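If you're matching them up, the sequences are chains A and B in order. Going left to right, the first sequence walks through residues 1 to 351 as the working numbering numbers them. Going left to right, the second sequence walks through residues 1001 to 1270 as the working numbering numbers them.
Keep in mind that the hints were calculated from the coordinates and are not lab data. Quick caveat: nothing in here was measured; it's all calculated off a predicted structure. Even glycine gets a Cβ: it sits at the ideal position worked out from N, Cα and C. Among the hints, a few may not be true.
Restraint-style ranges between C-beta atoms, simulated for each label pair [claimed, not checked]:
| no. | chain 1 | residue 1 | chain 2 | residue 2 | range |
| --- | --- | --- | --- | --- | --- |
| 1 | A | G123 | B | R1015 | 42 to 52 Å |
| 2 | A | R9 | B | R1169 | 15 to 25 Å |
| 3 | A | H185 | B | F1077 | 49 to 59 Å |
| 4 | A | A113 | B | L1021 | 52 to 62 Å |
| 5 | B | F1030 | A | H172 | 54 to 64 Å |
| 6 | B | P1016 | A | G183 | 51 to 61 Å |
| 7 | B | I1253 | A | A167 | 49 to 59 Å |
| 8 | B | L1064 | A | H172 | 52 to 62 Å |
| 9 | B | D1168 | A | A113 | 28 to 38 Å |
| 10 | A | R9 | B | V1129 | 46 to 56 Å |
| 11 | A | A167 | B | R1015 | 33 to 43 Å |
| 12 | A | A110 | B | R1015 | 49 to 59 Å |
| 13 | A | G123 | B | R1169 | 26 to 36 Å |
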Amino acid sequence: MLSADVRLRLGELDLVAAIEVGDGEVVALLGPNGAGKTTLLRAVAGLQPIDAGRVTVDRDVLDDPEAGIFVATNDRPIGVMFQDYLLFPRMTVVDNVAFGLRARGRSRAAARAEAHAVLDRVGMAALARAKPRELSGGQSQRVALARALAIEPRVLLLDEPLAALDAGAKLHIRAELRRHLAGFHGARLLVTHDPVDALVLADRMVVLEGGRVTQQGTPAEVARRPGSPYVAELVGVNLLSGTAAGERTVRLAGGAELVVADPVPGPEVAVAVRPQAVTVHRDQPDSSARNTWPATVADLAADHDRVRLQLAGPVPLVAEVTPAAVADLDLTPGAEVWVSMKAVDLAVYEH
Amino acid sequence: MTTHRRRSRVRPGARPPLVVLPLAALAVAFLVVPFIALLQRVPWSSLSDRLRDPIVTQALRLSLTSAFSAMGLSLLFGVPLAWVLARTEFPGRSLLRALVILPMVLPPVVGGAALLFAFGRRGLFGGPVFDHTGFQLPFTIWGVIAANTFVALPFLVVTVEAGLRSADRRLEDAAATLGAGRWMVFRRVTLPMVAPSLAAGAVLCWARALGEFGATVTFAGSLAGRTETMPLAVFLALQSDRDAAIALSLVLIAVSLAVLVPLRDRWLAV
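Bound conformation, chain B alone (with noise of 0.2 Å):
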């Protein structure tokens, strides 16, 4: 038996029912028609000197810092809480998984106005922080970041830990016979199976950082050069300067495809 993940090859001159063809049709055109709508509206002339603009540069580089820190602190963070649920058992442990995956299905503002309450200048404890030394999230690059990683470390968590669970542990159990402790299991036996998983969870939950929008917007602000990140640029923009809009979106299709195209058949078909 292997533990190999290969991804099953459809038969050449298998031909799908015919059913399955037309509203395949419809799913791809309702996905693909508003990017063509927004390509046909792009400023292809001024283009160029509208992704020099500040406002683009500075929103590029704090969405890519932001989701790229979010990503590490979620895998930080998210792979011993994945393990924690896949591997042990205690009372509780089922909520435990739903308060994890509550940021996932919650609206994004709702997760904001909770982490106001916990973070902000008056809150639980971001207001005792703030009293002592007069630090704070909300405004701040880390207040960008933290609202990221609150929803997106649930996407990691879940992926992580049902690839731990579908992991062979009996792999780990012959690599303790054969002398090694517990991290030399981790980190040679259960860390090369979890592998796509852990790549599917950082891609998904980096995605989701990237185009986090309501938690950002109600904790961290607004503040262009500061917390101003790309989808809030967008929104910003779509009021006033519907072609700075467009330019935005287009680098942020741009970055989205260039992480997603190449990794989408080695790690997302877990």
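Chain A extracted, bound-state conformation (with noise of 0.2 Å):
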């Protein structure tokens, strides 16, 4: 179990945060930028000294300002997925894995082998031997991941896993994540500014604005009870659950069916979709359009710059326009519309 009571200041971010993440558990520290997601990640990781607090793992305690205990980094039971991976562009992907290996004293022909079978796991043996440079977004995250994991760390704390790939890629690689993350056991702490990362892969949400958690519980416990705007935003999300009705397809609750981009990944499903890739049409879309239905504007609300707008029909959505769009199409309580959806939009994973 990590346990982390974090106290600093750098710059302008005045960081007081205490988070705790069980074994097992895979914990989403969600916020807006500069709100010192990752300041405390590197807190955790031993990067970035803390002026009071107390980190530990399990009984080991790692930092603890006051009664002058200071582990390094290097000898953290830690593993830690970078944001853009941070791969040795240098070495070989199995000298990449090999490399904590190494650290810790194995033969070089041990620590290869060892890297081999974590490569094996995460479906990377084949490319043991390019060089990072040579390799995809999302080969270079599951190399990241095996090289994190090969020094079988009790805590993995993976920065902004999918912040760094374009956004056909990061579908399938956050499902795929997903199914690493869940072959680790230890504690997981996962930082990001998408609340789909935190729906698709997080058992609990810890919400960190200004330097304070002003939020934290289950994803259904903080969107029944929003603390703040922010999070209002965040779990605005739409989360639809269905079952799977093909090798790409979804039947809702209420019978619709969606076509998704990625394969349906088990029988119990659920979707998730941002307000803002819902588009809203006053007239129906090409007919052959897939992931479109009528709906009715139940509700609208203003919020900033943005309008906020409940749609009532086979699929209760919540979607989000411009003002403008508003003017344009003429949207007014009752007004009958058409919704739509692109299946890359659309994070499918199982419920």
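The two chains are supplied separately, each in an independent frame; assemble them into the complex guided by the hints.
The following block contains the structure:
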């Protein structure tokens, strides 16, 4: 179990946050840019000294300034997958993964053999001799994960694991990461600014704003009582549950069918879609278009420079549009509209 | 993101602006014509005899020994200094950097004179050492190496410091989270990242030492066979035996090209 009570000042940031992540648990640390998410993660890894507080893993104290304890990064039982993955560019894939084992005193041959086994687990054994620049974003991520897991850490930290990927690849790789994360049994802490990542990957969310934890709980708990405008927007993500109805088709509870970009991972699934990804039309879009159905505007609420629409119909949805679109489409409560969603905007995962 | 340095290639068919070409051509001419003039005066028939002249072989051996020694000393002391300048914060760091760069901008003769006052037989440090041990730097090969290192070291420090500053330190963080201690991080992650700057700095340093004249002649003198390096020999020969000077110059040019041409594309493109 990871327990971190971190207090530090760094430039503009005044971070006072305490989090706990149990073994086998995946916690997503969510927050806007500059909230201190990455700093908190670096403090846990020992890359950022804390002014006060305490970081422990199980019974081992790693950082406690008052007691004069500071365990150096290289002696912490913590694996980190960094944003941009940070693979060593001049080493082959297998040497990247073997690096941590070499640091722990394994012979070159033993380290390589173990590294191969770990690469095999993430399906990257075939590219063991490739250089990082030859890998796609998703492949780099798998190697970075293998590298962090090879040292058998008790805690795994992931800093924006999906931010470096383009939208098309993200969907597929997120589902894959979820599968690989399931194979690790220690505490997992994931930093992200994307609520979909948190919904798909995490058991529990901790929301960090301006260096303070503003809310935490399961996604459902947080959604029920958003503690701040940021959280409200965050959990405004549409979460639709349904069943597999084909390799890339999901049948929703209301009977509507969604075509998704990725293979449906199991019989019972959930689909997450951001309000911004729901397009509203006055007339029926091209009849061959998929993922489109009629809806009725139930309510409108202005939110800063955006308008959030509650849509009733076979699939209740929240859509977010610009005030200009509201005027153009003449959206008023009771208006009959059509909604559509692109398959690549739908994150599907086992529920 | 990768930290690879790839030399950007000019798009095929990209045509440079018209004004660029004549100016570039003039620059090339200015750089190349003197060498053509020199080649045209080479006494080809007696060249092989001249190259076997002990004056030439001794000067060449001395020049190469001192240039490589200066490069080695610069690597030994310059890399830690570059690391301190690039990676630590302390008051007076900019002043220190200015002092380090000073020998680059100073006329080498001034550097030679300063070395004399510090390490000469009556110098600040050289005096007591000479009185106790009888050892002195001036007029020895050690003096040549000291003078070469004095002028060449800053080139290495400046280049390697720039390399360390532009290196992605997050890779070092990644290595630390994998359990690597400071030495392993430096050896397996930092050093490969700065390898191009290190090589460029070493070559610049070596080239500067090979061509060093002012500080050497001021501090170490010009004793044939002991402190008379190639540049000194060329200068002296010019006044007595022009053909010898040309032969010596030819050797220097050949040695420099032999080192610089194979390295140019790989390392000097930092």
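Outcome of the hint check:
no.: 1; hint: A:G123 - B:R1015: 42 to 52 Å; verdict: holds, 48 Å
no.: 2; hint: A:R9 - B:R1169: 15 to 25 Å; verdict: holds, 21 Å
no.: 3; hint: A:H185 - B:F1077: 49 to 59 Å; verdict: holds, 50 Å
no.: 4; hint: A:A113 - B:L1021: 52 to 62 Å; verdict: holds, 59 Å
no.: 5; hint: B:F1030 - A:H172: 54 to 64 Å; verdict: holds, 59 Å
no.: 6; hint: B:P1016 - A:G183: 51 to 61 Å; verdict: holds, 56 Å
no.: 7; hint: B:I1253 - A:A167: 49 to 59 Å; verdict: holds, 58 Å
no.: 8; hint: B:L1064 - A:H172: 52 to 62 Å; verdict: holds, 59 Å
no.: 9; hint: B:D1168 - A:A113: 28 to 38 Å; verdict: holds, 29 Å
no.: 10; hint: A:R9 - B:V1129: 46 to 56 Å; verdict: holds, 52 Å
no.: 11; hint: A:A167 - B:R1015: 33 to 43 Å; verdict: holds, 38 Å
no.: 12; hint: A:A110 - B:R1015: 49 to 59 Å; verdict: holds, 57 Å
no.: 13; hint: A:G123 - B:R1169: 26 to 36 Å; verdict: holds, 31 Å
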